[in-house]
Amino acid sequence: MKPAFSKWVFIVIAAAFCFLIFQAVKGLNKFGEYNGIYGVTLNKIAVTERAATNVVSTVAFDYRAVDTMGEEFILFASIAGISLLLRRRHIEEEEIPEEDLPGRTSPDTSDAVKVFGLMYPGFIFLFGAYMVLHAHLTPGGGFQGGVIIASAVILIYLASDYKRFSSIVSLKKLEKIETVGLSGFILTGIYAFFRGDSFLYNFLPYGVKGSYLSGGIILLLNIFVGLAVSGGIILLANEFLEQTILLRETRAIVRRGSKKK
Amino acid sequence: MAAVGCIKKKKEKMIIFQNIILIMIAVFGTAAVFMHSPVRQSIILSFYGMLLSIYFIALKAPEVALSEMVVGAVVIPLMILLALAKVKSYTIENLRNKKQK
Amino acid sequence: MNSIPYLVTIWLFVIGLYGIVRSRNLIHLVNCLTVIQSSTCLLLIMIGYRTNAAAPVFKNLPEDAKAVDPVVQALTLTDVVVGAVVIALLLAIAIQAHKQFNTLDPHKLSAMKG
Numbered sequence: 001m002k003p004a005f006s007k008w009v010f011i012v013i014a015a016a017f018c019f020l021i022f023q024a025v026k027g028l029n030k031f032g033e034y035n036g037i038y039g040v041t042l043n044k045i046a047v048t049e050r051a052a053t054n055v056v057s058t059v060a061f062d063y064r065a066v067d068t069m070g071e072e073f074i075l076f077a078s079i080a081g082i083s084l085l086l087r088r089r090h091i092e093e094e095e096i097p098e099e100d101l102p103g104r105t106s107p108d109t110s111d112a113v114k115v116f117g118l119m120y121p122g123f124i125f126l127f128g129a130y131m132v133l134h135a136h137l138t139p140g141g142g143f144q145g146g147v148i149i150a151s152a153v154i155l156i157y158l159a160s161d162y163k164r165f166s167s168i169v170s171l172k173k174l175e176k177i178e179t180v181g182l183s184g185f186i187l188t189g190i191y192a193f194f195r196g197d198s199f200l201y202n203f204l205p206y207g208v209k210g211s212y213l214s215g216g217i218i219l220l221l222n223i224f225v226g227l228a229v230s231g232g233i234i235l236l237a238n239e240f241l242e243q244t245i246l247l248r249e250t251r252a253i254v255r256r257g258s259k260k261k
Numbered sequence: 001m002a003a004v005g006c007i008k009k010k011k012e013k014m015i016i017f018q019n020i021i022l023i024m025i026a027v028f029g030t031a032a033v034f035m036h037s038p039v040r041q042s043i044i045l046s047f048y049g050m051l052l053s054i055y056f057i058a059l060k061a062p063e064v065a066l067s068e069m070v071v072g073a074v075v076i077p078l079m080i081l082l083a084l085a086k087v088k089s090y091t092i093e094n095l096r097n098k099k100q101k
Numbered sequence: 001m002n003s004i005p006y007l008v009t010i011w012l013f014v015i016g017l018y019g020i021v022r023s024r025n026l027i028h029l030v031n032c033l034t035v036i037q038s039s040t041c042l043l044l045i046m047i048g049y050r051t052n053a054a055a056p057v058f059k060n061l062p063e064d065a066k067a068v069d070p071v072v073q074a075l076t077l078t079d080v081v082v083g084a085v086v087i088a089l090l091l092a093i094a095i096q097a098h099k100q101f102n103t104l105d106p107h108k109l110s111a112m113k114g
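If you read the sequences in order, they're chains H, C and Y.
Position 123 of the first sequence, counting from 1, maps to 123 under our numbering, and the rest follow consecutively.
Position 85 of the second sequence, counting from 1, maps to 85 under our numbering, and the rest follow consecutively.
Position 83 of the third sequence, counting from 1, maps to 83 under our numbering, and the rest follow consecutively.
Incorrect hints may have been included.
Cβ-Cβ distance ranges computed for the label pairs, FRET-style [what the hints assert, rightly or not]: (1) H/Phe127 <-> C/Phe47: 30 to 36 Å; (2) H/Ala24 <-> C/Asn97: 42 to 48 Å; (3) Y/Ser3 <-> H/Ala14: 20 to 26 Å; (4) Y/Pro106 <-> H/Leu118: 40 to 46 Å; (5) H/Cys18 <-> Y/Pro106: 23 to 29 Å; (6) H/Phe193 <-> Y/Leu61: 45 to 51 Å.
Since the hints were made in silico from the structure, they are not lab data.
Glycine is no exception: its CB is placed at the ideal position from the N, C-alpha and C atoms.
Please model the complete structure; the sequences and the hints are all you need to start from.
So this is what it looks like as structure tokens:
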């Protein structure tokens, strides 16, 4: 199908689609006038029931904790899929790529970025840990804090080279951290079975509203989610980075059984 | 009376702020589609994520704003640029293999 | 039309679809998919908004204060996470496609080889 023709076909079909969506959106409430029963009821009773001041975390990790478990499964499965897709196969050439023109190296990172990478990862890690550990009191949570912790480690790669990054990060430790996070979540849910309650029931004591140890199981689940997400995102970055590195020191090419396709 | 007038002005300012950010979101979304180079798209998408996060704060959803900020600034541009670098290194390798044939 | 903000969501969806249909590069296609995914998050949060209400964090508020819907925000959290992770998986698939066929053009990738 020629490109110009496909453009007009798309515009006609998009117009029909827009018309149908208009009819659907007309049935929604006016913007700003939400009066559904579930949200209004939860706002009124969630804080008295669970003594955790952040109602969104309570909904995500207590009332609808099964949905968060499904989200963690999706994260885990797709990171496993990416590791599988980007694996190094034995029939491929094990080659250390060199630059296009001989005698050219890529520029070193500037001093400002190096100083930044020296000072900041500790603070960023601390901030990410604060966000994971205060999920039931303030906005934040396991996922947000986990990605912030991962970005502190990625900052170390950006400010130096791949050798230092891979000396800090080891694949086996990351896999263990991610597995501990995900299986801790599920085992906490299964432990509720042994007490006679339903899966992922909130069995820890609720505490006083506003104090640190309140909300029951919400803090524990957030710590597990934070571990799983931080391990997963660093693994993800490691997979993508592994074959794009340019080792600036070596110039030799090592071929081992190359196979032409 | 003055307090009521002050509160009304604040509410109008909030509505104006929300509408401005909404228009900017539409413009940046359109710009992200009509760029042809993926490197420029990744920068526009990271700014688009920040705009979305500010709009979520204006709609009183702080936790979603944090999620979107973290995803839009760390995960998405990093993945796009690393994928591009990997594709480019394969292209260079293939060109070099063809030269040596 | 009862509200203008919902139109922005529809516009983002349609323009993302246009980008996917007319794209000549797999990575450009994945970026347009990011725009589509963020439009769905936007629609969810817009549905739960109440004018002049507070955020659903009750640290200093009384418990019957008017607040925005928290259930939709929990749904959107999952949506954002899943969207980001699926985009990463699609980029890995694009890299493998380039490795096999040496091209990133979706129109040239359509032939299936035995």
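Note to self: Range first: 30 to 36 Å. Now tell me if the beta carbons of H/Phe127 and C/Phe47 are that far apart.
What the structure shows: Violated, since H/Phe127 and C/Phe47 (Cβ atoms, about 22 Å apart) do not stay within the stated range.
Supplied distance hint 23 to 29 Å, evaluated on CB atoms of H/Cys18 and Y/Pro106 = Roughly 25 Å apart at Cβ, these two residues keep to the hinted range, so it holds.
Quiz prompt | Beta-carbon spacing of H/Phe193 to Y/Leu61 - inside the hinted bounds 45 to 51 Å or not | solution = Violated: the Cβ-Cβ distance is about 36 Å, outside 45 to 51 Å.
Next on the checklist: Assuming the hint says 20 to 26 Å, is it satisfied by the Cβ distance from Y/Ser3 to H/Ala14 or not?
Outcome noted: holds (21 Å)
Does the Cβ-Cβ separation between H/Ala24 and C/Asn97 fall within 42 to 48 Å? For H/Ala24 and C/Asn97 the Cβ distance comes to about 53 Å; the hint is violated.
*Could you see if the CB distance from Y/Pro106 to H/Leu118 stays within 40 to 46 Å?*
Holds - the Cβ-Cβ distance for Y/Pro106 and H/Leu118, about 43 Å, lies within 40 to 46 Å.
Violated hints for the displayed structure, listed by number in ascending order: 1, 2 and 6.
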